[in-house]
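J.: Given these sequences and hints, build the entire structure.
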Amino acid sequence: MKFLLRKVMLYVFIAWAALTLNFLIPRLMPGDPLVLLMERTEGRLDPGALEAMAEAYGLTDAPLVVQYWDYLSSLVQGDLGLSIGYYPVPVADIVAGAMPWTIGLVGVTTIISFLLGTGLGVILAWRRGKRSDYVLPALTFLNGVPYFWMALILVLIFSVNLGWFPVANAYQPILVPGWNPEFISSVIYHAILPALTIVIGSFAGWVLSMRNMTVTVLGEDYVTMAEAKGLPRRKVLLRYGARNAILPSITGFALSLGAVVGGSMLTEVIFNYPGVGYTLFQAVQNQDFPLMQGLFLVISLAVILANLLADIVYIFLDPRTRAEA
Amino acid sequence: MKLNSLWPASGKVRAGLIIVIFFVLLAVFGPMITDYAPRATGNPPLQPPSADHWLGTTQTGQDVFSQFVHGARVSLAVGFIAGVLSQIVSVLVGLVGGYFRGIADEMLYILTAVFLVIPAMPLLIVLTGYLPTRGMISVAIVITITSWAPAARVLRAQTLSLRNRDFVEAARATGESRMRIMFYEVMPNALPVIASGFLFSTIAAILAEAGLSFLGLGSLTTVSWGSMLYFAQNNQALLVGAWWWFVPPGLAIAIIGAGLALINFGIDEYANPRLRTGKSRRKAARPAGRGSAAMSSTAASAAAGAEASSSSSGVSEGSLGGTESTETTDDDASPPQIRGSEVPGDPVISVRDLIVDYPTEDGAVRAVDHVSITLHRGELLGLAGESGSGKSTLTNAITRLLRNPAEVSGGEITYHRSTRTGESTEVDLLNLPAEELRAFRWSELAIVFQSAMNALNPVLRVSAQFDDVLRVHRPGMSAAGRKELAQEMLHKVGIDPERVTAYPHELSGGMKQRVAIAIALVLEPDVIIMDEPTTALDLLVQREVLEQVMQLREEYGFAIIFTTHDLSLLLEISDTIAVMQTGTLVEYGPATDVYSDPRHPYTKTLLSSLANLGARI
Amino acid sequence: MRTTRTIRYTAGLAAASLVLAGCGGGDNGAAGDGEVQPLTIHANDGNTHQANFNPFASAFLAGTRGFIYEPLLISTPMQPGEPIPWLAESLEWNDEGTEVTLTLREGVQWNDGEDFDAEDVAFTFNMMIEHPSTNLSALPVESAEATDDHTAVISFSETAFADEAAIGNTVIVPEHIWADLDEPTEFVNEEDPVGTGPFELDQLSDQLYILAKNEDYWDADDIEVQEIHYPALTGETLTTTLAAGDLDWSGGFISNIEDVFINQDPENRHNWYPGGGQITVAMNHEEEIFEDVELREALSAGIDREQISEVAMQGYTPPSHPTGLPLPTYDDAMASEFEELAYEYDPDLANEILDEAGYEEGSDGIRVAPDGTPLSWELAIPSDWPDWVDISQLLEEQLAEIGIAVDPQGISHEAYIEARNNGNFELTMAAIPVGLTPYDLYSQMMSSEYAPDDDSDAVNANFGRFYSDEADEALAQFRNTEDDEEQQEALEELQRIAVEEIPYLGLVQAPNWFNYSTERWEGFPNEDDPYALGAPFQSPDNALTIRELTPAE
Amino acid sequence: MTTVPTTDAQNGPAAGAGEVILEARDLVKDFRGKRVGLHRQRFRAVDHVSLQLRRGQVTALVGQSGSGKSTVGRLLAQLMPQTSGELLLNGQPITAHRGRAFIRYTSTVQMTLQDPFASLNPVHRISYILARALSIHGHAKGAEEIEEKSLALLRKVNLTPPERYLRRFPHELSGGERQRISFARALAAEPQVLLADEPVSMLDVTIRKEILDLLDQLRTEENLAVLYITHDLGSARAYSEETLVMYRGEVVERGSSADVIDNPQHEYTQRLLAAAPNPRRRLSNPGEEFRG
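Sequences listed follow chains B, G, Z and C, in order. Mapping to UniProt numbering: the first sequence position 274 is 274, numbers consecutive. Mapping to UniProt numbering: the second sequence position 180 is 180, numbers consecutive. Mapping to UniProt numbering: the third sequence position 320 is 320, numbers consecutive. Mapping to UniProt numbering: the fourth sequence position 170 is 170, numbers consecutive.
A hint or two may mislead.
[Unchecked claim] Listed next, the stretches of chain Z that the computed footprint assigns to chain G, with coverage defined by at least 3 CB atoms under 8 Å from CB atoms of chain G:
| # | region |
| --- | --- |
| 1 | 238-244 |
| 2 | 255-267 |
| 3 | 310-323 |
| 4 | 411-424 |
[To be verified] Across the chosen pairs, the derived CB separations fall in these ranges:
| # | chain 1 | residue 1 | chain 2 | residue 2 | range |
| --- | --- | --- | --- | --- | --- |
| 5 | G | G11 | C | T220 | 55 to 61 Å |
| 6 | G | D35 | B | G119 | 49 to 55 Å |
| 7 | Z | A212 | G | S138 | 47 to 53 Å |
| 8 | G | S138 | Z | E470 | 44 to 50 Å |
| 9 | B | L4 | G | S138 | 38 to 44 Å |
| 10 | C | S65 | B | G119 | 41 to 47 Å |
| 11 | C | A152 | G | I88 | 36 to 42 Å |
| 12 | Z | G372 | G | I141 | 33 to 39 Å |
| 13 | C | S65 | G | S138 | 51 to 57 Å |
| 14 | G | E524 | B | R320 | 27 to 33 Å |
| 15 | G | P48 | Z | E339 | 41 to 47 Å |
| 16 | B | L4 | C | E221 | 56 to 62 Å |
| 17 | G | G557 | C | A274 | 24 to 30 Å |
[What the hints assert, rightly or not] Using 20 Å as the maximum straight-line C-alpha spacing, the simulated DMTMM-like pairs for lysine to aspartate or glutamate come out as follows:
| # | chain 1 | residue 1 | chain 2 | residue 2 |
| --- | --- | --- | --- | --- |
| 18 | B | K7 | G | E106 |
| 19 | Z | K213 | Z | E227 |
| 20 | B | K235 | G | E436 |
| 21 | Z | K213 | Z | E190 |
| 22 | Z | K213 | Z | E191 |
| 23 | B | K2 | G | E106 |
| 24 | C | K149 | G | E176 |
These are calculated hints, taken from the structure and not from any lab test. Beta carbons: idealized from backbone N, C-alpha and C, even for Gly.
T.: The structure is reproduced here in structure tokens:
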């Protein structure tokens, strides 16, 4: 439990760092979001109103510490400020509308591609030296393909040419969201292509790292011993090889998850998927700084949380860390 | 560390280099061969590829090929700059943190963790969103901020493992300064990691630049692959079918990413030879028979560290055999001294004229050369020999655990199975079908590995490691029965049966070795191969374990092949001794005879060395 | 295994429902069973809708103005000088132009059943005083009061004849709701917004909102549209949706509109892009070098506006008119002497002018001013505006022909605005909005009203900082009279200044993006019947258009 | 501190002919251990160890792994600070863990490490390794002198012809050769004390003797004070004058090597000796096979 506690502390710190980074970026970077607000309101704001608005965005002349305190206390109340692009809609509302889509899409695809990738990685490791090794360069290539380009190609083939899948939206716009089969099937149908993009774009990385880890583990004495024990190959591979090889993979989750989230953001843009990626993209295009920051914060916190979960899973899978408790 | 030539052997690295070089050349010279300025308009719009426009034209009549080659410059430059910058940061953070440890390291570690966990792309987008100008350099710097962390983490781990290596300690003892140790001793060994990190950051930077430009966050007045895609997307190139506009830049990014990744692959394989595939693997193959006991601890630490420098010890093993022989007394000329065995009992394993070869580029290396031995029921056969003598290869051949590319090129190994009627049937071990081999293993021949810490699966409880065997070989046994048996076996080797639920890391070294012995005994096999079972143990523990083994042998009556380089130990415990030198059996006979009357010069040398070193011979 | 089957099943189901939906779409055109089809509109890009029905907010959802909230009198650039009575039946000025008396329509109700009266009007104008952020047209409101149920009097602190259109276009909000708000601009107003308009909010999801006809609307008989659908579409999906024929009325830039949209059903699908302002190169007149009108002339002659129109704007929008008037929008205001005038691309003439004026070519082919300043300027533009990027590249090529080096610099939108507003540029690109009248247009081009003051260097119009006494006089003349002829006279003087002084280098007209399909609904404005600007985000013009729509035969 | 049984006088053997160069008095080294609650357990690796290294004499420090013998070596080399106790170099107390003082110290006291395969940096050629050692201690300047001295060093450790070795990388050499290079590097400082940490434990039996002979040779030729750290009682008996036996951080027995090993007093030493493989044992009882 001490191990877990230490991890939690670390992630709490990281979360705090993300909060602070989020606070500092707009203050350290050049530029002034108010200029944009002025532009957006076509200059009709009088100085008083402008000042009030600046205060609403936390851009005051108050000492940084005071600003920081205000920032933290409004965060605690779930107040992320008002969007500039959708003024005066609260950022928190927009984020809350976008999060479920991304969590659904990225969550499900990450799990699928992790399972697919590690499974294939184990198989490739077992078949090392066989013809299946020739798949590796292809996987390397897949691993290098930019998500957004993959998405473009998939759209070109499956939506534009074949017309099998829609190119946009999370569901048929005409439907009213609800837990009815029609809506749910529409959601799934619309998610297939974006999900496919993310899976294709990310699973190769899992395959390659899992293969490498498994190959390394398969050289360990305990695997040889398992073989000498006369265990069936499958058992040797899974219980001794993969079981140990998957541990570093889970640790590597941090690295990969960030990349998947990044890639899925671009994917959302291509598919006009109403998740945080697309919303962030629009925020950037609208120079909607409060929204940008709110999204960044929420994405970061989500990834941090996912990492913490991965670490907890790790604790369950590796008795050695448990013992450290 | 030495590269034999500048042209790498690995096909992957070659392919990767060719790709990268191609694009670099394209970026450098491409703009010279294009007829059009990248942004010059005025050509017919949206033309498919033709002789005039190799990759067609854009909506505004710009030449796609020209944009493509100019874009290559920007993409590669951003990638390169960001790659270099992020490696500088990660080298500083990783090396300093890993080397100095302490509070600085803790801070840097947490800083690294922060940047590692905070997703890069959103941070990148937010940072870029605030950038007033979006030139190549500022984009590269922003990318650096988001991409240094993974390499720094790897580098820190690498430095942590390197700083505990003896050569660092030795350099300190010599009087080298910390700076010098960091940058001249530690860093060169981390070069593969740094190179790999550089390639990784470069790929990430190229992708990030493309992604940013594609989102319209790059500088659209600069032609890059990303901005090409942005304009293509903005002008609905997809819908009007102008594939020539968006396929080349995306494909190029993918290919160059793959190219860099292939080089990275090569580096990984170089650092961790186990990963090799196909040709490069064969090439790297080395006669493991020459891998020695003394060597294996380095090899193990190498594998654990999984770092490049350690592969040097791998390389060394091949060359070592050659040079080592200059030091050892070379008595190849002397004929083997084989004495008849006086061990009572029927043979259980007989090896006849066994030959094991390791094919290498310079022809096959013979690791075991016409070796014949016979193991009788209940016999303790001591197999002695120094590094590279082939004793492990011999036992691996018997257990059918020879790893590729080693192969048996001649001879036979026979197992004499005793049937219920007391008769014995002969089993050709080398040609045993897979299923029969599986059934044979452990129930008739078990193994105790050299290092029990590595031979027990770290993530399974001791009970589960007993269970594995029992489920397969005693399918009828109940779970309770299995547990009872496991506890009984633990009791037999002197371990508290309650520890059956322990994980290996909760046991001491000696206990782990006992557990390994208990697992080997659980099916009451006829033969147990013990491969240096006590080498890794302290003298006192070694003695206890040995006593335990001897007791159990009396109780169960199994035969043992006991390999070690410690001849004096063998002389004390074994019935028969076989001495191997460079693959051949040089002396074979009853232990007492070999001791009192060594006949082969090599055996004599060994014995006299022992005496000289103060052993009680 | 089970998962796979489930997915396949649901995918099949979804595909089937799509096919059905597709069939339904096919039936739409026929409209055989007498049921009225919804009107589907795309007005603002965005792949989700953020609920916002506040007519004073900067990001209200389309339809808020015009369909839910209504103005007093409708002024459109297409019918200048003739405000159309709406919630008010008439508007009377006092002689000084400091007070208007509004006579309101009777029998108008808010859609929650409350009566609409003069108190609401007075409240709305008084709110502008209390909350300047709701004063969208910067009206110099001093006070407002209801003299009886149907009469409201608004007084202004200065002569406000020029603001007549803006006063008329002010949308009125219900006092009984808005009076309770602390900060009206932060009111999202997402639940049953209460307006007087022909439509009310029916349902809202993040991908679609529906407005349904207000059956108690004061002009309900003229409204045939029963339901308006606003699906959430982005630039990319807009194109595919347009191509599929699912939109009746849309705005926004569509690349290759001919191929993507019109050619698939030329009978019913149309676009009409009347000028809605112009895109210009702004020269910073505070820089000494641009005081030379000959240089300005030469620059203007050295720009090939046809090419910019064809290549960068894909021919959607014609070159600017030298008077700066967007056409045909302000056709009526055009002085007869300029009717035939057009920009001519004449690099030879430009070179000649420059040679004579002493701008000699340096060794690098770049001209140098007599005082030694090289004619080499950065052209800062927002890096993410692709059409402007294209224009800037064309300018670079074209001006190189006359020995002038222009170096396009893509910067962030924010940095661009900062530079433009604060005058930190030599050349930049700027859009001049159409305004409600030509007066608005010209005051944004040359009024000294937009000059840096003691507080700040920033201006929010007339970014080129072109100030001239003649122009200020003409603008004052327009502002201080109600007389149409006097106003026209002033406008013609402003046109002359624009043509002769070249305050801005007009490039192309900024189009009012408007695509429509008559497959289901007819009656949209068009070149032959330009009664309103057609872009669906254009209010209050949208209120005029909706009244004209009838189901297709 | 428990009383240490000695076979001789309390302060070392009579054979202490040479002058004492390096002396340790009551060295203690604690390591931070696991944290238990708020307290971090301390683990005492070295517990009040005193010893003297004399010119021209080999002192053996014998113990099993974890006994703290290598830690004593590192403390003597000043590679880590002691928790308490004192080091005297030529009679002067000295503390030199870093900076110039440390470098000066290393020019007197040098250490070689156990693993010949790991103690040479694989990326550097032998020439670099020796050249660094020479130039750190200022015993050679300029490429020519450095090369000359390097060759001399190689000759000193019996690597002939030395030219053959200079350009090589460590991995091209055998274990024995590498250990010789380690000695050469140590000798480059022209030290008075050589701390040899398990110099032969990772080498094949046949090579061990050569290396130990070399150590002995260097002791005489260079008149070095040598600390021979080993787990092997036999070789300590054969190659050292004085032997200290360590157990759990304490010296449990000390005396002349012959006495300690032939006539051990401490129970631990006795157990160690009994555990060592001994073929004679079964010859003396031919009837009885090996039994516990």
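J.: Which of the stated hints cannot be reconciled with the structure, identified by number in ascending sequence?
T.: none
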